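Visitor: Single-letter residue listing:
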Amino acid sequence: MTASTRQTDGVTIVDLNGRITHDEGSTLLRDTIKQLAGQGQKQILLNLSEVHYIDSSGIGELVFAFTNMRDQGGELKLLNLTRKVHDLLQVTKLHKVFDIRDDETAAIQAFSKSA
Amino acid sequence: MRVFYTLDSTLDSVDKAEAAALTMALKVGFPEEDSGRISLAVREATVNAVLHGNEYDSHKHVTVLLEAAPERLTIQVRDEGKGLDAGAIPDPLAPQNLSKESGRGIFLIRAFMDEVRFRIINPGTEVTMIKYVREATRDGQEASK
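Chains as they are written, first to last, in this note's numbering: chain R, 289 to 403; chain S, 4 to 148.
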């Protein structure tokens, strides 16, 4: 998996590409989130449009990313889920926990301006 | 059709088991979406066997049996670990567990397969997963012959 970051209006967008599984992607995602949190970035938009496979470990990493940001007073949203990822979040009822968006501009505007 | 693998307790084995299940499911005639769910269930079962069962012990192996019948696909994953009490795993959908990072593997296996049985085999755990071929799938296969 690869992860690249860009900034728009104070929001850090993380573009993920590949699989998020126990042996692939999980560590990179966790390290990326920790690094961004360490830099004081508190508004994170995880773009999952190129993530076509995820397992229970990958789901755990998304939960870690979400709770880590929340615990530091930040916000994390998910953008452009593929059908497989959306399916898994629905089955595990995590679609009710995450703020899931399908339009990048609207997602950026939805971040609180005070964070 | 019956395929049997004896695998090392490594994460490479997880990928092998997952790929074998996907190939078999597609061959049996499951739609792509169901085949993906079956292979994910096998991945989760094999991850459990390698990590929590055999704990990466190079002296222990994981066996995977895939058996296709006209009406169903049966997959059995065995490890040589201490034995897993699947009933003791907390419900990941309970509100207090929703934000936990782990504990969803067995839930996904149960969600994606029609029948799931865990058995302590001393030493180890055997998980048997069955997915039934739906009438529509079987009819589609017949029509395409």
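Among the hints, a few may not be true.
Chain R is nowhere near these chain S residues, computed Cβ spacing over 12 Å in every case [what the hints assert, rightly or not]:
(1) Asp18
(2) Glu36
(3) Val50
(4) Val53
(5) His64
(6) Leu96
(7) Phe110
(8) Ile112
(9) Phe115
(10) Val119
(11) Arg137
To give an idea of the chain S side of the interface with chain R (calculated C-beta under 7 Å), a few residues [unchecked claim]:
(12) Leu25
(13) Lys63
(14) Arg107
Worth flagging that the hints you see were computed from the coordinates, not collected in a lab. The model shown is predicted, which means the values in this text are computed figures rather than measured ones. The beta carbon of each residue, even a glycine, is placed where N, CA and C say it ideally should be.
Visitor: Hints broken by the structure, by number, lowest first?
Guide: Result: hints 1, 2, 3, 4, 6, 7, 8, 9, 12 and 13 break, sorted rising.
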